[in-house]
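Student: Residues per chain are reported as follows:
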Amino acid sequence: MNALEIDSITKKFGDFYAVKNLSFDITGGTIYGLLGPNGAGKTTTIRMVMNIIIPDQGRIKVLDHKLDEKMKERIGYLPEDRGLYPKMKVGELLLFLAELKGMSKDTARQKIDYWLKRFDLMDWKLKKVEELSRGMQQKLQFIATVIHQPELIILDEPFSGLDPVNTKLLKDIMLEMKDEGRTVIFSTHRMEQVEMICDNICLINKAERVLEGNLREIKKQYGKNTIILDYDGEADFIRDFTEIDKIDDYGKFMEIRLKEGTDPQVLLEKTVGKVRINKYEVQEPTLNAIFIDKVGGRDEEDPVSH
Amino acid sequence: MKKILSVIKREYIQIVRTKGFVIGTILGPVLMAALIFVPILVSVLSVGEQERIAVVDETQEIFLDLDERLDRKLKDGRRRYLLEKYEMRADIGALKGELNQKVLSNAITAYLYLPKEILDGGEAEYVSQHVSDFNKIEDIRGVLNRVIIEKRLRTEGLDPAKIAQYIRRVGLRTIKMTKRGAEEDTGGTFIYSYLLVLILYITLFFYGAIIMRGVIEEKSSRVVEIVLSSLRPFQLMVGKIFGIAAVGFTQYTIWALFGLGASRYGKSYLASHIPASDFSLPSIPVYVFIYFVFFFILGYFLYGTLYAAIGSMVNTEKEAQQLLCPVTMFLVVPMLLMMFVIRAPNSTLSVVLSMIPFFAPILMLLRICVLTPPVIQVAGSIVVMVLTILLMIWLTAKIYRVGILMYGKPPRLKEIIKWLRYK
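Those protein sequence lines, which keep their order, are chains A and B.
Sequential numbering of the first sequence, starting at 1, is according to the numbering used here.
Sequential numbering of the second sequence, starting at 1001, is according to the numbering used here.
Source of the hints: derived by calculation from the structure; they are not laboratory data.
Treat the hints loosely; a few may be bogus.
Calculated cross-link-like contacts (lysine-lysine; reagent style DSSO-like; alpha-carbon spacing at most 27 Å) [unchecked claim]: (1) B:K1409 / A:K12; (2) B:K1409 / A:K206; (3) B:K1009 / B:K1398; (4) A:K125 / A:K66; (5) A:K89 / B:K1009; (6) A:K252 / A:K274; (7) A:K66 / B:K1002.
The calculated label-pair distances, taken between Cβ atoms and stated as ranges, are [unchecked claim]: (8) B:R1017 / A:T107: 24 to 30 Å; (9) A:E208 / B:L1336: 53 to 59 Å; (10) A:K66 / B:I1290: 31 to 37 Å; (11) B:T1018 / A:Y222: 56 to 62 Å; (12) B:P1374 / A:D56: 50 to 56 Å.
As the structure is a computational prediction, the values presented were derived from the model and not from experiment.
Virtual Cβ for every residue (Gly too), placed ideally from N, Cα, C.
I would like the entire structure built from these sequences, with the hints used as guidance.
Tutor: Okay, here's the thing in structure tokens:
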């Protein structure tokens, strides 16, 4: 069963294409990454899935149904612009949001206690939202997203602003949701998270689809021509080698792509003795490299999010 | 529907629980009572002061009569006005200069200059530092008028004994004729009309602002999109407007109970404690009150949707000020036209004005207060308002839907029109 089918949707704001002829399907029970630089159209796409914005063209099917208001009860949504009613008490707020999702009061109360305990927020249940720290508010927003046990969970930039502890907690819960047979879609421009947990990805740039499919297969397509060099010392001389296609230098760490047909051993031989090598590994390109390659090497800052 | 109810419940509980609501609900009637009773108490309790008024009487005939007649008493039984006759001098200019000095140094409150020609139609002069106490001026004008007219008539040879009878003021009773019969009106209609319209005006402003603030809060706290993942913008908007309407209804009920209590017990309390007080609170006919509630509800939805639309277009209350201008005009204009409508409630202009949807709540209510307009006109204005409300809800829903997710600078008219065309 497909959890989501997006069939050539287009959305224009004035003359500006926010999303152009975008299609992808998401298999149920997987984790799907929606990637792209800022302003690529990720949020607009998600808002169209949530029926908050209506596409100009194209069709969207959610959980094998045509999109309508009733379907919203089976979806959990964490928007990119998120906040909570500052004056409401934590317990009340969650109850209100659960009621909006069609939950009965009793079930909602049980679930609220379960999740507050899980996120270590039980002591805050009777406090006002505005008294909570930012991190706690983010946990609360996540609880609001999953409290009604949705079959499809859509998270727009879920990791932004989270500390490492909460990032891990969130990642664990996303994997747990997958194990329970739920589908998780999340958007991000942080590639390391995607590599860790995504089954499939779709890369969008400037409103259009650039890359789509199974993450492992995509990486395989790029071939094993990438070298990770972990080193100490002065390594600028590597740039002089003609066999090199592209270099990403992080100072103590380099991602090097060789020209097709080049034997990685040649480069290793030339490097030995010039710097201290901690690690020399031949592998598939990182998603980060693929992303930069596809998007044009420039992560364009666009302050307007549509 | 269940979701709208959840929104209504949340809005209601959140607002009713705020300190602002509790204070406003209690303070409202206290202020209202203070507005009514404090001036009464002040006038009842204050004794007042004697005032020295110098009189320059060139005719040498008026002073005695004036002194005898101008006998208003203070609360403690002393005369309010102490008249002092000033001897005439040949140099009138110097005399006036001297008196002006006395007025300025507060040696006397005022002086009255009565020229020789006054018996043949000349004018008297009253000179004082402040001339805005209408009661005092009326006292002096009235007595002076009588004394001089009597003098003129006496010189014409009329019987002094009958003069008083000749010049007695003609009484004019005002009787308000309605379908429900005739009733004598001593100004009560005016007072309660004014009061009801004022309450309507203030509360429309007040609740409109609450709606707007609520929308802005949802936007600025960025909670709106989380809520919209469960319901449509329209449901959220309707829930908010109805929830705040329920708050208004609660507040009105509390105020009405206060009012009933105050008019029952307050009146008897005042009457038993302050013997001199003789005033009557206007009693509002039941049908007028029903219309008042009805027009408040219509006005609330008419303005509530406008405020909701504006709230959705801006990010802060400060930004809203500019967009609020036309809304404020809609509310202020009928208040400015109030006096005109009270004076000519049946003129074509009044009828037309009371049919304009945004003026109708205030102006039609006013016309219903001061006269009974034809049923067709009342029904007409209600139909116009209901249609406008439906149109407003439709338009506002479209603006709200787009605006609530827009951050950045408030839209221009051109952009708003574009929003209306979005699918």
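Student: Determine for every hint whether it applies to the structure shown.
Tutor: Comparing the hints with the structure gives:
{"no.": "1", "hint": "B:K1409 / A:K12", "verdict": "holds, 20 Å"}
{"no.": "2", "hint": "B:K1409 / A:K206", "verdict": "holds, 24 Å"}
{"no.": "3", "hint": "B:K1009 / B:K1398", "verdict": "holds, 24 Å"}
{"no.": "4", "hint": "A:K125 / A:K66", "verdict": "violated, 37 Å"}
{"no.": "5", "hint": "A:K89 / B:K1009", "verdict": "holds, 15 Å"}
{"no.": "6", "hint": "A:K252 / A:K274", "verdict": "holds, 14 Å"}
{"no.": "7", "hint": "A:K66 / B:K1002", "verdict": "holds, 22 Å"}
{"no.": "8", "hint": "B:R1017 / A:T107: 24 to 30 Å", "verdict": "holds, 26 Å"}
{"no.": "9", "hint": "A:E208 / B:L1336: 53 to 59 Å", "verdict": "holds, 58 Å"}
{"no.": "10", "hint": "A:K66 / B:I1290: 31 to 37 Å", "verdict": "violated, 48 Å"}
{"no.": "11", "hint": "B:T1018 / A:Y222: 56 to 62 Å", "verdict": "holds, 59 Å"}
{"no.": "12", "hint": "B:P1374 / A:D56: 50 to 56 Å", "verdict": "holds, 51 Å"}
Of the numbered hints listed earlier, those contradicted by the structure are 4 and 10.
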